[in-house]
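Q: Quick mapping for you: the protein sequence lines, in order, are chains B and W.
Position 418 of the first sequence, counted from 1, bears residue number 488 in my numbering, the numbering being contiguous throughout.
Position 2 of the second sequence, counted from 1, bears residue number 4 in my numbering, the numbering being contiguous throughout.
FYI, nobody ran anything at the bench for these hints, they're computed from the structure.
Careful: at least some of the hints might be erroneous.
Straight-line alpha carbon distances no greater than 25 Å define the calculated DMTMM-like cross-link-like pairs of lysine to aspartate or glutamate that follow [to be verified]:
1. B:K232 with B:D246
2. B:K337 with B:D439
3. W:K140 with B:E402
4. B:K275 with B:D244
5. B:K232 with B:D247
6. B:K460 with W:D62
7. W:K140 with W:E90
8. B:K337 with W:E149
9. B:K460 with B:E106
10. B:K460 with W:E97
11. B:K275 with B:D312
12. B:K337 with B:E325
13. W:K46 with W:E90
14. B:K337 with W:E97
15. B:K337 with W:D62
16. B:K460 with W:D74
17. B:K337 with B:E104
18. B:K460 with B:D470
19. W:K46 with W:D74
20. B:K232 with B:D390
From the structure, some residues in chain B lie toward chain W, with a derived Cβ separation under 8 Å [claimed, not checked]:
21. V150
22. R253
23. G346
24. F354
25. R398
With the C-beta cut set under 7 Å, the calculated list includes, among others, these residues of chain W facing chain B [claimed, not checked]:
26. M125
27. H128
28. Q130
In this text, a Cβ means the ideal position worked out from N, Cα and C, and glycines have one as well.
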Amino acid sequence: MHRRTAAASFVILVLSQSPAIGETPPSAAFTPAEMEKILRHSPLPPVPDDPSNAVATSRRAARLGQRLFYDTRGSASGIVSCATCHDPKRDWSNGRNVGTLDARFPRNVPSLWNIAYGRWFFWDGRADSMWAQALGPMENPVEMNGNRLGYARLVRNDRRLKRRYERVFGPLPDLDDALRFPRVAKPTPPTPDEPANLAWLAMTKADRESIDRVFSNLGKAIAAYERALISTDSPFDRFVRDLRAGAASPGGLDESAQRGLKLFVGKGQCSICHSGPNFTDREFHDLGRPSGYMRRDPGRAGGYRLVVADPFNRLGLLSDSTSGALVRFVPEAGGPSTQAIGQFKTPTLRSVAQTAPYMHDGRITTLRDVAVFYSTLGGSIFGHRERILKPLQLSGAQIDDLVSFLNTLTGAPIRPSLLGPPLGRRAATRHKE
Amino acid sequence: MPAFRLVLALWMTLGTVVCTTARALAIDSSASAVSARTATTAGKHLRVRYEPRPDPIPLDEPFAIRVYVEPDASSSTRTASPSGRRIEVRGWMPEHLHGMPLAPLVTPAGDGVWNVDGMLLHMTGHWQLFIDVMDDDKRDRATFDVELR
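Isolated chain B (complex conformation) (with noise of 0.2 Å):
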């Protein structure tokens, strides 16, 4: 009798868990295939390694480099920092179309939420790590226009900031000299004649190496930094775990959101692309977008040439390992780098509700209009647009589901000590009274 009970309790469990099995989805709103897809973009996992950065996970590195995130100190303009244009108070962009007119090839700013599950950065790919990645502005004309002797001695005559980097990466050369160390130097391969680009070739080769030493470690230090921005924890992941917890009624999406998600991993086909738990394939796709400017940016077919050529990629001697470096399979001319003209960089649709407007160049303004885009696919079109791009003619109502679902990919606040330089010991004493 009671093994009759005992066995008869192990078939009730095993029914009341049946949609765990797969067989019975726990929302009849969606069939298997749906959920197999819907499983796939939650939970986030864990931020992955860098091995091409020694501190990326360094709790001391990261402090510094927040630090630096915010100074402004070495921008030529000395009121430029990161956080210009990546103002945690606008989820890590500026909310205006393009960084800057100027550019050669004007582009929206990027979030930074989730930089760290990226495989190349910027719109064109163009760097191959983060902390490449975060070296770019810092020199670059129309961003922060500083230089590395200029950061290297910002660093260097700021005891504090000396002392946290000198915690981190040993010794800093001494800059005293200079006539070995000019003030103003970095290399302008476009601009060969300028006076920066001329101080930096008058160096002796062991200096330059030195200097690049420093500079590439702020960018890692940066870097380490940015790995704490994660977007999770969204409604969404809410949704999922309830899903895999077999819940009658999931929480976190409302039937708006519901529907929206079935055209997202359905009809929509959105997830061929936005793909995993980031929403994003870490590559680039043409969507033929008309070009908004005055010059067409070649995307990703230049970003090859640039990441191949860029001294700090992962294969370079400032790089602490060569592990996994995909740069050595970028193709050269022809092929592979042909169909990459027009390519931009899928993003992470991760509070993607909070970095308006849209697209590289964003020209978009709302999230409703980028859904009115991939329904009518309007516009004439440069390089090769994705093949599978079809019209989707949504009505206005899946469009507002579509919407509906795309807000729920807010993740839940980070940290609230992360929005901005940080705080001192003394300051943050206070802060905590």
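Given chain B's structure and the hints, the job is docking chain W onto it.
A: For chain W alone, kept in the frame of chain B given last:
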């Protein structure tokens, strides 16, 4: 009575384990289903086989393959591998009209064997792997279908 409770607890534990495993199996979606990894080239003279590492082929993660080329058993032309033989490997999505984002590196391992690094199938869907065998100017292609889910 305690014995009954013990049996009940054991059954419940076992049940939970079975359910959890079943759920894991149901949720785990192995990335690839490969229809065949051996094919005869279009010219019918060569048999080409590949082994992916890791196996199955992962979605949107780099992987490598080892390629074996040998005369096809049914071919009337039985020649040893020419010393200058090369191979080229390419991935292609016919429905998308684009290929892999990377250019794989091919390294000869001798005796009709090549190692190919830098493969990346970044999207779900139907892929074709083209393995071209080149003897001097002659190119002979083996085509493989890969479905990535």
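Q: Each hint: holds or not?
A: Status of the hints after comparison with the structure:
no.: 1; hint: B:K232 with B:D246; in the structure: 14 Å, holds
no.: 2; hint: B:K337 with B:D439; in the structure: 18 Å, holds
no.: 3; hint: W:K140 with B:E402; in the structure: 23 Å, holds
no.: 4; hint: B:K275 with B:D244; in the structure: 16 Å, holds
no.: 5; hint: B:K232 with B:D247; in the structure: 18 Å, holds
no.: 6; hint: B:K460 with W:D62; in the structure: 23 Å, holds
no.: 7; hint: W:K140 with W:E90; in the structure: 13 Å, holds
no.: 8; hint: B:K337 with W:E149; in the structure: 19 Å, holds
no.: 9; hint: B:K460 with B:E106; in the structure: 24 Å, holds
no.: 10; hint: B:K460 with W:E97; in the structure: 12 Å, holds
no.: 11; hint: B:K275 with B:D312; in the structure: 59 Å, violated
no.: 12; hint: B:K337 with B:E325; in the structure: 17 Å, holds
no.: 13; hint: W:K46 with W:E90; in the structure: 18 Å, holds
no.: 14; hint: B:K337 with W:E97; in the structure: 16 Å, holds
no.: 15; hint: B:K337 with W:D62; in the structure: 22 Å, holds
no.: 16; hint: B:K460 with W:D74; in the structure: 42 Å, violated
no.: 17; hint: B:K337 with B:E104; in the structure: 11 Å, holds
no.: 18; hint: B:K460 with B:D470; in the structure: 19 Å, holds
no.: 19; hint: W:K46 with W:D74; in the structure: 7 Å, holds
no.: 20; hint: B:K232 with B:D390; in the structure: 22 Å, holds
no.: 21; hint: V150; in the structure: 33 Å, violated
no.: 22; hint: R253; in the structure: 42 Å, violated
no.: 23; hint: G346; in the structure: 7 Å, holds
no.: 24; hint: F354; in the structure: 6 Å, holds
no.: 25; hint: R398; in the structure: 7 Å, holds
no.: 26; hint: M125; in the structure: 6 Å, holds
no.: 27; hint: H128; in the structure: 11 Å, violated
no.: 28; hint: Q130; in the structure: 14 Å, violated
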